[in-house]
Amino acid sequence: MDTTQLLKGVLDLTVLAVVEGEDGYGYDIVRRLRDGGLPDVGDASVYGTLRRLYSAGALTSYVVPSGSGPHRKYYGITTTGRSQLKKQRDDWSVFSTTVTAILNNASLEGVTA
Amino acid sequence: MSTIDIAPETLSAVRAFLDAVRGELADLDPDELSEIADGLEADLAELVGDQGADALGDPVAYAAELRQAADLAPASARAGRFRRRAVGPLLGGLLDAVRERWDRAIAVVPGDVGGILASLQPVWWVARAWIAVQVGGLAFGAYELHVVPGQSPVGVGAFAVALLVSIQLGRQKLVPAERLRRATGLRVLMIALNVFAIASVPSVAQGLRHAQDDLQNRASARGVQQGYQQGIGSVGVTSHAGMYVDEKWVSNIYPYDARGNPLVGVQLFNQIGQPLNVISQAECTYKSPDTPSDKVRVYYPWTTGATQNHNVFPLASRVQDGTDPQSNAFNSTTPPAIGQFPLTHVPAVSLPGIRTTTQGAKGAYQAGSRPNTPVNAFNQGC
Numbered sequence: 001m002d003t004t005q006l007l008k009g010v011l012d013l014t015v016l017a018v019v020e021g022e023d024g025y026g027y028d029i030v031r032r033l034r035d036g037g038l039p040d041v042g043d044a045s046v047y048g049t050l051r052r053l054y055s056a057g058a059l060t061s062y063v064v065p066s067g068s069g070p071h072r073k074y075y076g077i078t079t080t081g082r083s084q085l086k087k088q089r090d091d092w093s094v095f096s097t098t099v100t101a102i103l104n105n106a107s108l109e110g111v112t113a
Numbered sequence: 001m002s003t004i005d006i007a008p009e010t011l012s013a014v015r016a017f018l019d020a021v022r023g024e025l026a027d028l029d030p031d032e033l034s035e036i037a038d039g040l041e042a043d044l045a046e047l048v049g050d051q052g053a054d055a056l057g058d059p060v061a062y063a064a065e066l067r068q069a070a071d072l073a074p075a076s077a078r079a080g081r082f083r084r085r086a087v088g089p090l091l092g093g094l095l096d097a098v099r100e101r102w103d104r105a106i107a108v109v110p111g112d113v114g115g116i117l118a119s120l121q122p123v124w125w126v127a128r129a130w131i132a133v134q135v136g137g138l139a140f141g142a143y144e145l146h147v148v149p150g151q152s153p154v155g156v157g158a159f160a161v162a163l164l165v166s167i168q169l170g171r172q173k174l175v176p177a178e179r180l181r182r183a184t185g186l187r188v189l190m191i192a193l194n195v196f197a198i199a200s201v202p203s204v205a206q207g208l209r210h211a212q213d214d215l216q217n218r219a220s221a222r223g224v225q226q227g228y229q230q231g232i233g234s235v236g237v238t239s240h241a242g243m244y245v246d247e248k249w250v251s252n253i254y255p256y257d258a259r260g261n262p263l264v265g266v267q268l269f270n271q272i273g274q275p276l277n278v279i280s281q282a283e284c285t286y287k288s289p290d291t292p293s294d295k296v297r298v299y300y301p302w303t304t305g306a307t308q309n310h311n312v313f314p315l316a317s318r319v320q321d322g323t324d325p326q327s328n329a330f331n332s333t334t335p336p337a338i339g340q341f342p343l344t345h346v347p348a349v350s351l352p353g354i355r356t357t358t359q360g361a362k363g364a365y366q367a368g369s370r371p372n373t374p375v376n377a378f379n380q381g382c
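Protein chains in written order, with my numbering: chain A, 1 to 113; chain B, 1 to 382.
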């Protein structure tokens, strides 16, 4: 299933949701999304999304130095981010329910037709 | 997890990829670019660690995806700034490539040359601090160069500061490696400073050589003075006593009258009536310029009968054993003598309306035909 187009619409929501649970660095967040059932999520898309959410004030970031290699940049959610997540979660809930209902109805109609 | 161990080859691949991505995003504001690329190195290194270098993919597509997701305007919209911004990442990439090539070249040399060079780094940190202080000394002329720049408080302070800065720079405490790698300008500056330090070595070496020569000259002068002190300690002179011309000790004076004829027994005083004493050390004598003889030339001051006057010229001298004047010297078979004047005759001099007083004077030196050779023909001390 090609979910690339679908992902674009929900990347903000899923990234915020993942970070809300626990602060994380870019690749860690990518991994959590993939482990969560979105194997096609692109690294660059996630990093870009993180940057955009950070610019919008939904995320905060901090650097954790590494003793032996390049440092890691961690992201955490802000109050603004939580509000945004709550709203988008509600929107998604309504939206997905609606889409599911439409799809179910269409499916039923298809069966009856 | 904040500590990551990354293999050098992985880091090289990641950095090359990241530089290419940065090049694609070079039209962005540097701060924005820094923000977006910050931390990516660690993330990408982990990605490569998980899935191999192929997981990196195409940097152009990666940059485009990143740009789109971050909602940044595409490069074409900012084309005006592209070329100017692109120089930094391009140069950074070039420096990375040189560094990688160097690392690879060193890695294949047997005998762990890379490891040895790495362990010699602290030596270079000290050396460049030392060079910096010496160059500073040359540039400002504030103090003479010394092998150990600790002979003046300024030298000690400057070296301490330079050493601290150099070591901290070397330990990447002043500018963290990660930041330095991203700040191409800073990186070029660091390279330029190191190259400048190496290029300054000949100038510093030359300055030191001069300083060393100077030091030896002074030591030699001190030695002469000390030798003299020992030689004529009984006369009771102090150091710095005597007369100097062109920083060289005057051991004797040969006066001539206005007609240019040699004079003997001339008493000299300064403007306040103090005697112009000349201190004449016992001089070594030479069989040839490089072969000193075992006898020394000892000067004998003129006398009033009660005191010895060191301001009467020329001084008499004789070659003898031992540096102390002998009380019976004038009764010996080799009494002290005036010897030969350095010049048999000098040009006559005059001033309008000024009468000379020495014409035909009784003390005029009468010495028919004389060779034009000074007493101390080789003009050198012991």
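It is worth saying that the hints were derived from the structure and are not from the lab.
Be aware that a few hints might be false.
Stated by the list, open to error - Pulled a few chain A residues facing chain B out of the computed Cβ check, cut under 7 Å:
(1) Gly24
(2) Arg34
(3) Pro39
(4) Ser45
(5) Arg72
(6) Phe95
Stated by the list, open to error - Derived contacts from chain B toward chain A, CB cut-off under 8 Å, selection only:
(7) Pro30
(8) Asp31
(9) Gln68
(10) Ala73
Said to hold, decoys possible - Covered, in the sense of this in silico footprint (three residues per stretch, anywhere, with C-beta under 8 Å from a C-beta of chain A), are these stretches of chain B:
(11) 34 to 41
(12) 44 to 50
Just so it is clear, CB atoms sit at the ideal spot from N, CA and C, and this is done for glycine as well.
Against the structure, the hints:
1. For Gly24 of chain A, the suggested interface contact is broken, since its CB lies about 10 Å from the closest CB of chain B, more than 7 Å.
2. Using the Cβ-Cβ criterion of 7 Å, the hint placing Arg34 of chain A at the interface with chain B is not satisfied: the shortest such distance is roughly 11 Å.
3. A cut of 7 Å between beta carbons decides the hint on Pro39 of chain A: the least distance to chain B is about 12 Å, and the hint is violated.
4. The beta carbon of Ser45 of chain A comes within 4 Å of a beta carbon in chain B, closer than 7 Å, and the hint placing it at the interface holds.
5. Hint status for Arg72 of chain A: holds, given a least beta-carbon distance of 5 Å to chain B, under 7 Å.
6. At its closest, the beta carbon of Phe95 of chain A sits 21 Å from a beta carbon of chain B; the interface hint therefore is violated under the 7 Å criterion.
7. Using the Cβ-Cβ criterion of 8 Å, the hint placing Pro30 of chain B at the interface with chain A is not satisfied: the shortest such distance is roughly 15 Å.
8. Given the 8 Å rule on beta carbons, the hint for Asp31 of chain B is violated: about 12 Å separates it from the nearest Cβ of chain A.
9. Satisfaction of the interface hint for Gln68 of chain B is found here, the shortest Cβ-Cβ separation to chain A being roughly 7 Å, below the 8 Å cut-off.
10. Restraint check, Ala73 of chain B versus chain A: the minimum CB separation of about 13 Å is more than 8 Å; hint violated.
11. Interface restraint, the segment 34 to 41 of chain B with chain A: holds (6 residues with C-beta to C-beta distance below 8 Å; minimum three).
12. Figure legend: the segment 44 to 50 of chain B, annotated as covered by chain A; annotation consistent (4 residues with Cβ-Cβ distances under 8 Å, at least 3 required).
Checked against the numbered hints above, the structure breaks hints 1, 2, 3, 6, 7, 8, 10 and satisfies the rest.
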